[in-house]
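> Protein sequences, first through last, are from chains A and B. First residue of the first sequence? That's 0 in numbering that gives the first Met the number 0, and the numbers climb one at a time after it. First residue of the second sequence? That's 0 in numbering that gives the first Met the number 0, and the numbers climb one at a time after it.
Among the hints, a few may not be true.
What the hints assert, rightly or not - Derived pair list, reagent style BS3-like, types lysine-lysine, alpha-carbon separation capped at 30 angstroms:
{"hint": "1", "chain 1": "B", "residue 1": "LYS180", "chain 2": "B", "residue 2": "LYS104"}
{"hint": "2", "chain 1": "B", "residue 1": "LYS104", "chain 2": "A", "residue 2": "LYS291"}
{"hint": "3", "chain 1": "B", "residue 1": "LYS275", "chain 2": "A", "residue 2": "LYS295"}
{"hint": "4", "chain 1": "A", "residue 1": "LYS288", "chain 2": "B", "residue 2": "LYS4"}
{"hint": "5", "chain 1": "B", "residue 1": "LYS180", "chain 2": "A", "residue 2": "LYS201"}
What the hints assert, rightly or not - Example chain A residues on the side facing chain B (calculated, C-beta under 10 angstroms, incomplete):
{"hint": "6", "residue": "MET131"}
{"hint": "7", "residue": "GLU193"}
{"hint": "8", "residue": "ILE238"}
{"hint": "9", "residue": "ALA269"}
Calculated from the structure, these hints are not laboratory results. Each residue gets a CB set at the ideal place from its N, CA and C atoms; glycine is no exception.
The residues making up each chain are set out below.
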Amino acid sequence: MALLTGKPSARRQGFELAMMSPALLLLALITLVPFFSIIWMSFNDVSLMGGLTFEFSGLDNWQRVFTDPDIRSSWLISLFYFLATVGLEMVLGTVMALLVYSLTRGSNIIISLLLILMFIAPVIVGLLGRFMLDPSHGLYAWLLNETGLFDGNILGSVGPAMVAVILMDVWEWTPLVALIVLAGLASVPEDILEAAEMDGAKYGQKLLYIILPSISNILLVALLIRAMDAIRFFAIIFITTNGGPADSTKIIPIRLYDIAFRFFDLGYAAAVGITMLAFSILVANAFMKLLKRQEKRS
Amino acid sequence: MTAPKRWVSLTVKIVLLTLLLLWTLVPIVWMVLSSFKPNSVITANTPRVFFTPTLEHYASLFSGGNSLWPYLMNSLLIAGVSTLIAVVLGCMAGFGLSRIRIKGKQHLAFWIISTRMAPIAAVIVPLYLLFRYLYLLDTHVGLIVAYLSFNLPFAIWLMTAFFDDLPPDLEEAAMIDGATKFQAFRYVVLPLMTPGLVTTAILCFIFAWNDYAFAQTFSGPSTQTIPIAAAQLLTQTGIDWGKLLAIGTIVVCPMAIAGLLVKRWLVQGLTMGAVK
Numbered sequence: 000m001a002l003l004t005g006k007p008s009a010r011r012q013g014f015e016l017a018m019m020s021p022a023l024l025l026l027a028l029i030t031l032v033p034f035f036s037i038i039w040m041s042f043n044d045v046s047l048m049g050g051l052t053f054e055f056s057g058l059d060n061w062q063r064v065f066t067d068p069d070i071r072s073s074w075l076i077s078l079f080y081f082l083a084t085v086g087l088e089m090v091l092g093t094v095m096a097l098l099v100y101s102l103t104r105g106s107n108i109i110i111s112l113l114l115i116l117m118f119i120a121p122v123i124v125g126l127l128g129r130f131m132l133d134p135s136h137g138l139y140a141w142l143l144n145e146t147g148l149f150d151g152n153i154l155g156s157v158g159p160a161m162v163a164v165i166l167m168d169v170w171e172w173t174p175l176v177a178l179i180v181l182a183g184l185a186s187v188p189e190d191i192l193e194a195a196e197m198d199g200a201k202y203g204q205k206l207l208y209i210i211l212p213s214i215s216n217i218l219l220v221a222l223l224i225r226a227m228d229a230i231r232f233f234a235i236i237f238i239t240t241n242g243g244p245a246d247s248t249k250i251i252p253i254r255l256y257d258i259a260f261r262f263f264d265l266g267y268a269a270a271v272g273i274t275m276l277a278f279s280i281l282v283a284n285a286f287m288k289l290l291k292r293q294e295k296r297s
Numbered sequence: 000m001t002a003p004k005r006w007v008s009l010t011v012k013i014v015l016l017t018l019l020l021l022w023t024l025v026p027i028v029w030m031v032l033s034s035f036k037p038n039s040v041i042t043a044n045t046p047r048v049f050f051t052p053t054l055e056h057y058a059s060l061f062s063g064g065n066s067l068w069p070y071l072m073n074s075l076l077i078a079g080v081s082t083l084i085a086v087v088l089g090c091m092a093g094f095g096l097s098r099i100r101i102k103g104k105q106h107l108a109f110w111i112i113s114t115r116m117a118p119i120a121a122v123i124v125p126l127y128l129l130f131r132y133l134y135l136l137d138t139h140v141g142l143i144v145a146y147l148s149f150n151l152p153f154a155i156w157l158m159t160a161f162f163d164d165l166p167p168d169l170e171e172a173a174m175i176d177g178a179t180k181f182q183a184f185r186y187v188v189l190p191l192m193t194p195g196l197v198t199t200a201i202l203c204f205i206f207a208w209n210d211y212a213f214a215q216t217f218s219g220p221s222t223q224t225i226p227i228a229a230a231q232l233l234t235q236t237g238i239d240w241g242k243l244l245a246i247g248t249i250v251v252c253p254m255a256i257a258g259l260l261v262k263r264w265l266v267q268g269l270t271m272g273a274v275k
């Protein structure tokens, strides 16, 4: 082919470029314009009070981002929320996958049942959580009350509210981790497992020395996918506690939303938003590196 | 393994499995079940499993002053159009990106995926300002653009992964037989891409359908979607749980069914092609 069409050039790849350009132009338009806007906004005092006003304010917003104790505490709460949800999802998801993997029958139907959770709108997860935990007629609130474990308004108490919003996220997203891990388990070498069993290896040993090492890459993929979504979405907390009680569940996106649309301080919100963007770019970077490594291996 | 040991492991397995299924299914089953309960049963002090089912909550959703129809139509229109644009453009770009050999392709790919990963709260702030300047608040176009900001990179990325799985030999063979690149794409590659297109479309639709934060910020009286209708039932004076659970059921059930249709490609889809 090369002989017929000359050396590889832009002309030869014209078709590919033409196919890519509409999507890339549109994507550039709808992402780069907001991107430069948010940067510009972060150096301005943008107020929505009494009409939109723009006033250059230099590094004021940035100084606030790094000195505001509310922002610091929100980042700490985010970090805790983040580690708790993603950590629990990884551990429980792996256990779930190993359990389903060990079944000889019925694993297909169980996977389907687990999958349903991932299609539920997060806002509905939050509303359903509120329903289950409603102090006067929620099923879970009633169960906790009857068993003497907790009596009162769960979403209205510092501590239990955090546990509740964490468990709602874990409830919805653990099956995704399980599904990813299950895909990885298919690549565990059967013959080595059988050989280990012949040699009298216990389940724990097989898990530690054969199964987990061979799915380590896929566990990382699951971790990154969950990590980026954990910072991306905030609808569950938005609709259940909206950061309360006493700011105890005010993760950084909720704080940002408050700054922007309750106090109408869009410039400051922009600066906070950029710090969140920086975080997600770090995660995206790790994801890309991992993908490259996988491509090399295969 | 000896017999008693096998019994132990079997019992452990059954117990774990039961717990797993209860934990997973009880809230969903309870939601659907309760949406058919009369109010007196929902608000009873003790939970009740047996009751005379009623359709009153569903009926009240579609009648009277604040009907669910406009919300449903807005959701279908906005999610549908943004999905259509994302899939068509994403399919073309995915093919191009999969086959092209240029320097800096990795950087291009990184830029695409990083737009998909941008936190929604951070994207909302500049979009709100821009939409205000462009008079796009409370318009269908505004929400379609907002959803494209995450569905377009997702569709490009996922379609690229699907095209990567298809060896280029097929197109090359067609081109040796005299087909142009476009013909090879249109008549050889595209027919093989049905699973990829359907998976991408269904996932894009679900992401848009399920969104709450964008809709809450950018929509107004004439563009509110179903998740907004659900949230509006949370009022200071009390919550109409019956109606709320009926909406929840309407939001969830069609997406669960659609999602299960593409179960085979779901891992690939939800990990954006990182896991096959």
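> Determine for every hint whether it applies to the structure shown.
So, going through the hints one by one against the coordinates:
1. B:LYS180 to B:LYS104: holds, 21 angstroms
2. B:LYS104 to A:LYS291: holds, 12 angstroms
3. B:LYS275 to A:LYS295: holds, 15 angstroms
4. A:LYS288 to B:LYS4: Roughly 44 angstroms between the alpha carbons, so the hint for LYS288 of chain A and LYS4 of chain B is violated.
5. B:LYS180 to A:LYS201: Distance ~57 angstroms between LYS180 of chain B and LYS201 of chain A Cα, so the pair is violated.
6. MET131: With a minimum Cβ separation of about 6 angstroms from chain B (threshold 10 angstroms), the hint on MET131 of chain A holds.
7. GLU193: At about 13 angstroms, which exceeds the 10 angstroms cut-off, the nearest Cβ of chain B leaves the hint on GLU193 of chain A violated.
8. ILE238: holds, 6 angstroms
9. ALA269: ALA269 of chain A check passes; min Cβ-Cβ to chain B is 5 angstroms, inside 10 angstroms.
Checked against the numbered hints given earlier, the structure breaks hints 4, 5, 7 and satisfies all the rest.
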